[in-house]
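*Asks:* Could you build all of it, start to finish, from the sequences and the hints given here?
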Amino acid sequence: MLSGVSLALRPAELTAVVGPNGAGKSTMLSIAAGLRTNYLGSCKYNGREIRSWSRRELARSIAFVPQSLRLDFPFRTEEIVMMGRTPHGEGWFETPEDLAAVERAMLETDTTAFRGRDFRSLSGGERQRVVLASALAQQPRALLLDEPTTFLDLKHQIDMYRLLRDQARAGMLVIAVTHDLNLAAAYADRIIAIDHGRIAADGSPRDVITQANLLAVFGVDAKLQNVDGRSWIAYD
Amino acid sequence: MISRPAPRFWVAISVSAVVLLLTAIITPLIGSSHIDYGRALAGASPDHEILFYARLPRVLLALLAGGGLSATGVLFQALLRDPLAEPYTLGISSGASFGAVLALCLGLTSFGAIPAIPFASTLGAGVVLVIVLVLAYEGRRISSFTLLLAGVTINSISLALILFLHNLATFQQSFAITRWMMGGLDAVDYSTLVWLAAVIVPTCLAVSWRARDWNLLAVGEEWAATRGVAASRLTVIGYVAGSLMTGFSTALTGPIGFVGLIVPHALRLWLGADHRTLLPCSILLGAAFLAICDGVSRTVLAPTEIPVGVITALIGGPCFIGLLRSKRRSLWL
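For the protein sequence lines, the chains are A and B, in the order given.
Sequence positions in the first sequence follow this note's numbering and run 1288 to 1523.
Sequence positions in the second sequence follow this note's numbering and run 2 to 334.
Source of the hints: derived by calculation from the structure; they are not laboratory data.
From the three backbone atoms N, C-alpha and C, an ideal C-beta is built for every residue, glycine too.
Be a bit skeptical, because a hint or two may be false.
[What the hints assert, rightly or not] One-sided excerpt, in silico: chain B residues whose CB lies under 10 Å from chain A:
no., residue
1, I3
2, S4
3, P84
4, F146
5, H167
6, D187
7, R269
8, A274
9, D275
10, R277
[Said to hold, decoys possible] Beyond 12 Å from chain B on every Cβ pair, some chain A residues (computed):
no., residue
11, E1300
12, S1317
13, G1506
*Replies:* As C-alpha cells, then:
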C-alpha cells in the first residue's frame, strides 16, 4: 500500500511508473482511475477530490486501460471501441459525433481493418490496440495504463509507446505503469520509481535510471551503457 | 465505415415481434381438441370455453414466464460474465421452488395484498442467489467452476428439502406439490396473470432501458466503472430483477430450466452480443419459445400432456454441454 506519496502530474507528459511487484504502482493507478475510493489522504483531478466525481464525469476526463481484456461474449471490435463513448451520451444509440470519435480512435491505433471482427479472434497486440482505441474514443484529458505492454511482442511494445508519446505530445496526461525500464527510459518524459509504497525517485529518465537507484529499488546490480546518447540497462 | 447499431436493432426487434405475435395467435389453437377463432369469438360452446378458460390463460402464462426467464438469463450472464449462468443452472429456480413448496405446506395464501407463493419463491430465489455468489467469489473475481458446482449442490439440497416437506405434507398438499414440481403450465385465472404481468413487464422494460450499460458490465466491472457506468448499482438492480422474475414465474409454473440459456445463446449467434438488441429480442423470443414448447408438450403424446420442463430440458441440456465444451476450449474450467 501507499504512504507518504505526494506528487503532481502534468498534462502533455508521458509519465512511467516503475517499481518492484507489490510496490503500490497499480494501487496508485486505480486510485487515480476512481476505482478505489476508500483511500486516506487526498487525490485530486483539476483541483477536485477524485472520490467526489461521479463515475460519468470522471470518465469524460480520465480513461483507464487495463493490462488485458478477456471477453466471454462475441462483441465485435468496433463495439468494444464504441463503449468508450458511454460517458458522453444519454441516448439509446451513438450519435454521429460518437461514430466520428470512434472512427478517429481506430485510425490512430491502426485498428480499422478489423472493426467487424469478433474481439476474441484478435491477437494480443491487436486486442491491446483496440482497448487503447476504446480509451481514446472516450476523448479523455488523462490516460492511465496498467502495464499496457505485458502481453505484447517487441514491435508492438515499441508501437504502443510511440503512440502514447504522440498522445502526450498532443497535450494528454499519460501515466503508464510498466516493468520495462528500457522502454520507459526511451519514451517517457518522466519516471516515478515506487518502492514499498513510497516514492524512491522521481524525475527525468536520466535522473531516475541510475545504477544506484536500480540497486536500491529493484535490488539489481546492473550496468548502464550509453548507446547513441541514451542510457540502456545491461543486466549481468 | 463503422457500422451503426440502429438498423440491425430495428430489423431484429421487428422480426422478434412478428414471431411473438404469430406464436400468440397460433399456439392457442394447438391442443388435443380442435377449435377455431371464429366460433370461439362468437361465443359458441365449447370453443369459447376452451379458448378463454383453458388455452389463452395458459399461453399468456407461458409468454410471461418465458420472457422473464430468458431476460433473467441475459442479466445473470452479463453480471457473472458467464454464458452458462441461468436461473436453473445456478440453483436459483430450485431455491424458488423450495420457497413455494414451503408456502404450500404451511398453507399460506397471502401476506396482506401479496400472494404468498410468489412471495415465498422470490425470497427463496434471493436467498440462493446470495449463497451462490458468496461461494463463487474468489477474491475479486468469480470462478465459473465454483459457480456451477454451487448451483448443482444447491439444486440437490433444495430437492432434498422439498422431498422432506413432501413427506410431511397431507395427501392434498402432496398432490399439489407433485403437480407443481413437474414444471408444467396449467390454466391459471386472469387475476393471477395480471399479478405476474405486473411484475414481469415493468421489470423487463426497466432492465432493457439500461441495455447500453449492460454491454459494459458484460465486459467487466472495472471496464464499466471506468467508462462512466454506476457498476455496483446496476449489479444490484440486475440481481434483484432476476430474483423477482424467477421467483414470480417459478411460483406459477414450477421449475422450468434452460430457457434463459437456450434463447440468449441462439440470439448471440444470430445478432452478436450487443445488449440493446440481445436483451429485448431475448425477452420477445423467450416468450415465444416457451409458448411453442408448451404447444409441443400438449400435442406429442396427446391427449396426455408432458410437462413443458421436460421439453426445455431436452433441448437445453445438449445446448448446455455444447457451451461448456466451447468454453473449456477458450479458458480454464
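*Asks:* Next, verify each hint and record whether it holds.
*Replies:* Here is what the structure says about each hint:
no. : hint  : result
1   : I3    : holds, 5 Å
2   : S4    : holds, 7 Å
3   : P84   : holds, 6 Å
4   : F146  : violated, 14 Å
5   : H167  : violated, 38 Å
6   : D187  : violated, 36 Å
7   : R269  : holds, 6 Å
8   : A274  : holds, 4 Å
9   : D275  : holds, 6 Å
10  : R277  : holds, 7 Å
11  : E1300 : holds, 21 Å
12  : S1317 : violated, 8 Å
13  : G1506 : holds, 28 Å
Of the numbered hints listed earlier, those contradicted by the structure are 4, 5, 6, 12.
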